[in-house]
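Trainee: The primary structure of each chain is shown beneath.
There are 2 protein chains.
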Amino acid sequence: MSDIQELKDQFDGYKALNLNLAMTRGQPADSNFDLSNDMFTMVTGEDTVTPSGIEIRNYPGGVAGLPEARELFGEMLGVKPEEMLLGTNASLMVMNQVLTWALLKGVNGSPRPWIQDNPKLMVTVPGYDRHFKLAQGLGFELVPVDMTPEGPDMEQVEKLAAEDASIKGIYFVPVYSNPTGDSISDENVRRMVSMKTAAPDFTILADNAYAVHHLDPNDKTVPLNFVRAAEEAGNPNRAILFGSTSKVTFASGGIGFMGTSVDNIAYFSKLFNLTTIGPNKVEQYRHVRFFQTIDGGIDGLMAQHAEIIKPKFDVVHKVLDAHLAGTGLATWSRPKGGYFISLDTAKPVASRVVELAKELGVALTPAGATYPGGVDPSNKNIRLAPTRPPVEEVEKAMEVVALCIKLASAEA
Amino acid sequence: MSDIQELKDQFDGYKALNLNLAMTRGQPADSNFDLSNDMFTMVTGEDTVTPSGIEIRNYPGGVAGLPEARELFGEMLGVKPEEMLLGTNASLMVMNQVLTWALLKGVNGSPRPWIQDNPKLMVTVPGYDRHFKLAQGLGFELVPVDMTPEGPDMEQVEKLAAEDASIKGIYFVPVYSNPTGDSISDENVRRMVSMKTAAPDFTILADNAYAVHHLDPNDKTVPLNFVRAAEEAGNPNRAILFGSTSKVTFASGGIGFMGTSVDNIAYFSKLFNLTTIGPNKVEQYRHVRFFQTIDGGIDGLMAQHAEIIKPKFDVVHKVLDAHLAGTGLATWSRPKGGYFISLDTAKPVASRVVELAKELGVALTPAGATYPGGVDPSNKNIRLAPTRPPVEEVEKAMEVVALCIKLASAEA
Numbered sequence: 001m002s003d004i005q006e007l008k009d010q011f012d013g014y015k016a017l018n019l020n021l022a023m024t025r026g027q028p029a030d031s032n033f034d035l036s037n038d039m040f041t042m043v044t045g046e047d048t049v050t051p052s053g054i055e056i057r058n059y060p061g062g063v064a065g066l067p068e069a070r071e072l073f074g075e076m077l078g079v080k081p082e083e084m085l086l087g088t089n090a091s092l093m094v095m096n097q098v099l100t101w102a103l104l105k106g107v108n109g110s111p112r113p114w115i116q117d118n119p120k121l122m123v124t125v126p127g128y129d130r131h132f133k134l135a136q137g138l139g140f141e142l143v144p145v146d147m148t149p150e151g152p153d154m155e156q157v158e159k160l161a162a163e164d165a166s167i168k169g170i171y172f173v174p175v176y177s178n179p180t181g182d183s184i185s186d187e188n189v190r191r192m193v194s195m196k197t198a199a200p201d202f203t204i205l206a207d208n209a210y211a212v213h214h215l216d217p218n219d220k221t222v223p224l225n226f227v228r229a230a231e232e233a234g235n236p237n238r239a240i241l242f243g244s245t246s247k248v249t250f251a252s253g254g255i256g257f258m259g260t261s262v263d264n265i266a267y268f269s270k271l272f273n274l275t276t277i278g279p280n281k282v283e284q285y286r287h288v289r290f291f292q293t294i295d296g297g298i299d300g301l302m303a304q305h306a307e308i309i310k311p312k313f314d315v316v317h318k319v320l321d322a323h324l325a326g327t328g329l330a331t332w333s334r335p336k337g338g339y340f341i342s343l344d345t346a347k348p349v350a351s352r353v354v355e356l357a358k359e360l361g362v363a364l365t366p367a368g369a370t371y372p373g374g375v376d377p378s379n380k381n382i383r384l385a386p387t388r389p390p391v392e393e394v395e396k397a398m399e400v401v402a403l404c405i406k407l408a409s410a411e412a
Numbered sequence: 001m002s003d004i005q006e007l008k009d010q011f012d013g014y015k016a017l018n019l020n021l022a023m024t025r026g027q028p029a030d031s032n033f034d035l036s037n038d039m040f041t042m043v044t045g046e047d048t049v050t051p052s053g054i055e056i057r058n059y060p061g062g063v064a065g066l067p068e069a070r071e072l073f074g075e076m077l078g079v080k081p082e083e084m085l086l087g088t089n090a091s092l093m094v095m096n097q098v099l100t101w102a103l104l105k106g107v108n109g110s111p112r113p114w115i116q117d118n119p120k121l122m123v124t125v126p127g128y129d130r131h132f133k134l135a136q137g138l139g140f141e142l143v144p145v146d147m148t149p150e151g152p153d154m155e156q157v158e159k160l161a162a163e164d165a166s167i168k169g170i171y172f173v174p175v176y177s178n179p180t181g182d183s184i185s186d187e188n189v190r191r192m193v194s195m196k197t198a199a200p201d202f203t204i205l206a207d208n209a210y211a212v213h214h215l216d217p218n219d220k221t222v223p224l225n226f227v228r229a230a231e232e233a234g235n236p237n238r239a240i241l242f243g244s245t246s247k248v249t250f251a252s253g254g255i256g257f258m259g260t261s262v263d264n265i266a267y268f269s270k271l272f273n274l275t276t277i278g279p280n281k282v283e284q285y286r287h288v289r290f291f292q293t294i295d296g297g298i299d300g301l302m303a304q305h306a307e308i309i310k311p312k313f314d315v316v317h318k319v320l321d322a323h324l325a326g327t328g329l330a331t332w333s334r335p336k337g338g339y340f341i342s343l344d345t346a347k348p349v350a351s352r353v354v355e356l357a358k359e360l361g362v363a364l365t366p367a368g369a370t371y372p373g374g375v376d377p378s379n380k381n382i383r384l385a386p387t388r389p390p391v392e393e394v395e396k397a398m399e400v401v402a403l404c405i406k407l408a409s410a411e412a
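Protein sequences appear in the order of chains A and B.
Under our numbering, residues 1 to 412 are what the first sequence spells out, in order.
Under our numbering, residues 1 to 412 are what the second sequence spells out, in order.
A few of these clues could be false.
In silico DMTMM-like links for lysine to aspartate or glutamate, alpha-carbon gap of 25 angstroms or less [as the list claims (entries may be wrong)]:
| hint | chain 1 | residue 1 | chain 2 | residue 2 |
| --- | --- | --- | --- | --- |
| 1 | A | 15 | A | 395 |
| 2 | A | 270 | B | 263 |
| 3 | B | 220 | B | 263 |
| 4 | B | 120 | B | 82 |
| 5 | B | 133 | A | 395 |
| 6 | A | 120 | B | 117 |
| 7 | B | 270 | A | 55 |
| 8 | A | 105 | B | 117 |
| 9 | A | 310 | B | 158 |
| 10 | B | 310 | A | 55 |
Hints listed in this document are in silico derivations from the structure and should not be mistaken for laboratory results.
Values in this document were obtained by computation on a predicted structure and should not be read as measured data.
Sequences are here, hints too, so could you generate the full structure?
Mentor: Pasting the structure below:
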């Protein structure tokens with residue numbers, strides 16, 4: 001019996017199991033959400049005025065959010081309370097607001113609205129499909145740069161930024177990146193905040209979605225802070241950090257925010273204030289009070305999350321090591337945090353792997369999703385999202401993935 | 001002693017009282033918010049899956065909102081659940097999203113993005129300052145049309161819409177309008193949804209903020225529904241209704257939404273989905289469960305609100321009638337709902353009245369706020385916002401206002 005026939009027999013064996021497993025998107029498990037269930041009832045009618053004296057049910061309180069909440073979430077982004085602006089439940093929405101106002105008015109200090117310059121944004125590849133879709137939807141042309149183990153490829157970034165004035169910024173995940181899990185090095189932070197840019201209003205849009213999502217609380221990757229580094233480099237308004245509690249408390253009922261220079265906060269507060277009197281203070285105050293009840297605050301909660309998530313990452317690596325190590329058929333990342341593992345097949349078979357896995361009842365992120373337009377030019381990258389299913393299901397799904405990689409590679 | 005000297009003596013008498021009263025903005029009172037305090041704890045960790053099967057803590061559930069919440073709030077706007085899209089806590093933000101995407105992409109059926117047409121919007125005057133500021137901030141040129149007791153002056157509206165293709169829509173409050181309290185007539189709804197427009201993508205942006213805010217539950221003003229009327233007129237995509245629970249539950253922790261044709265919902269859902277996976281479902285589900293506990297649901301709660309608010313409107317009218325009726329110095333509106341009473345001085349002294357009242361410790365909405373750019377060309381309109389202070393303070397503040405109108409008119 002040929003190797004490929006043996007693989008096909010195994011494939012048919014799995015087919016008979018009628019699996020129905022999903023590893024498509026970076027969602028927390030219900031057991032992760034359960035850690036924050038106490039938050040639901042943290043604020044009652046007896047308790048609607050914050051220590052800073054703000055009635056959370058009424059309009060006033062400022063467009064940037066409750067002082068107490070700006071302090072709490074400032075901790076997550078490593079910036080001061082006055083450098084924080086809070087938004088809705090989605091950090092993507094906050095990014096959208098910044099990019100939209102940049103198009104229509106410019107950022108703080110822009111000579112004119114970005115829309116007049118046929119603006120482009122650099123994005124890292126492989127990267128986050130929702131970044132690509134938002135920026136392209138708004139009309140930006142995307143300029144891909146490679147993601148490296150030390151963050152965006154700075155040779156490419158520096159060259160492009162220096163040459164092309166229509167490149168208005170770079171939009172990426174600086175820590176435990178989606179999907180590779182790579183984090184930017186201190187040196188690359190320094191280069192990015194101090195590099196020469198043809199656009200005078202070049203802006204670093206760093207989506208720090210996984211800033212506190214370490215797999216091991218004793219092995220945290222915390223690169224140089226972009227806002228501090230930009231200040232030190234004399235370009236204080238160049239960097240904006242984004243974050244949210246979507247994968248800290250509740251994915252739908254969390255809070256998105258941004259951290260940047262006080263001048264930028266003043267600039268965007270004025271514009272955001274045209275669209276809202278202020279974000280939901282009730283939800284903010286629930287978060288504030290909830291974290292006061294947890295040992296170690298945000299870090300304490302994230303250590304509990306890690307206990308749930310790390311075994312899922314471990315089992316992905318266990319299965320890949322067992323089935324594919326030394327075969328030369330694939331390589332994969334070993335992140336220290338975040339929500340994803342990135343796998344590259346040696347042959348251009350990523351889309352075939354996803355297709356085969358689907359036949360066996362295992363849903364994976366569509367091949368190509370990690371590239372602008374949904375097209376991976378080398379058809380090799382697969383994003384593995386192990387956080388939502390239980391460990392046993394992750395293990396079963398990964399056995400299917402390993403088999404499909406072998407079969408697709410043998411076919412090719 | 002001259003009349004003016006007598007008024008000045010009265011003025012000095014009030015000065016000695018060192019009043020500190022505010023009737024500046026349309027905010028509910030804490031006693032209004034108290035009616036919804038049970039909502040705080042309506043959802044717990046025991047209860048995170050809705051009847052339609054959606055886990056409220058996780059991402060999935062749709063960009064338009066929970067089915068249960070679309071049904072509930074559809075009731076407020078008089079449209080079907082499938083004609084609803086829910087947003088953040090601010091309806092202003094939902095309007096911003098619609099206007100921004102209209103600029104960058106166009107509305108459903110637009111030949112091109114609005115931004116390419118130097119777009120204009122009609123607004124009613126006197127009107128809502130936040131509408132003016134949002135639209136102007138986004139770059140729209142505002143074209144004022146008069147507000148009448150039957151809504152926007154349709155002679156002006158029809159003429160402008162037919163003549164100028166760069167006029168892309170009309171943005172106004174259809175029911176208990178801010179500040180006059182006027183509501184549009186059925187006949188004017190019909191004219192607006194069926195009129196000829198030079199712009200093929202002319203859009204009615206009807207901010208139905210006070211749709212359910214009747215002062216007397218037995219005397220409700222409910223004009224023809226814009227979405228239904230537009231459908232019947234064969235222009236199903238022309239009208240968008242907006243609303244929120246900011247003045248129903250909590251001003252900061254409520255929910256904003258829009259109601260329009262199913263095709264429009266599909267169009268905007270796709271665009272909104274670029275910026276968020278979906279709005280806060282935890283907050284939505286709190287609202288759904290809360291209203292199930294109230295006799296008469298939304299109507300039942302609004303009847304309780306009316307009991308608090310009507311005496312405040314009554315006392316404004318009582319003081320104005322007592323001090324100014326028959327003097328020829330001012331006229332004022334007698335709304336059947338909403339949050340405001342509009343007063344016009346006979347002489348061009350509105351800004352002087354506001355200034356004098358401030359000297360006596362009574363803060364009023366700045367004169368001119370009800371006109372684009374903050375300039376009332378005839379300097380006559382004053383917006384009275386009696387909902388936030390207790391009745392006794394409203395009465396005292398209105399006595400000050402009446403005196404200041406007399407004094408300013410005598411000075412003039």
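Trainee: Confirm or reject each hint.
Mentor: Going down the list of hints, with the structure as the test:
With a CA separation close to 16 angstroms, the supplied pair residue 15/A and residue 395/A stays within the 25 angstroms bound. Restraint check: the Cα-Cα separation between residue 270/A and residue 263/B comes to about 34 angstroms, which exceeds 25 angstroms; the hinted pair is violated. With a C-alpha separation of about 30 angstroms, the suggested pairing of residue 220/B with residue 263/B is violated against the 25 angstroms cut-off. For the hint pairing residue 120/B with residue 82/B, the CA-to-CA distance comes to about 30 angstroms; that exceeds 25 angstroms, so the pair is violated.
Distance hint between residue 133/B and residue 395/A is unfulfilled; the C-alpha atoms sit about 55 angstroms from each other, more than 25 angstroms. As the CA atoms of residue 120/A and residue 117/B are separated by approximately 23 angstroms, the hinted pair is consistent with the 25 angstroms bound. Straight-line distance between C-alpha atoms of residue 270/B and residue 55/A comes to about 36 angstroms, which puts the hinted pair past the 25 angstroms bound. Annotation: proposed proximity of residue 105/A to residue 117/B holds, straight-line Cα distance about 17 angstroms (limit 25 angstroms).
Only pairs whose Cα atoms come within 25 angstroms are accepted, and residue 310/A paired with residue 158/B is rejected, the gap being roughly 64 angstroms. Straight-line distance between C-alpha atoms of residue 310/B and residue 55/A comes to about 23 angstroms, which keeps the hinted pair within the 25 angstroms bound.
Violation of the numbered hints given earlier is confined to hints 2, 3, 4, 5, 7 and 9; the remaining hints are satisfied by the structure.
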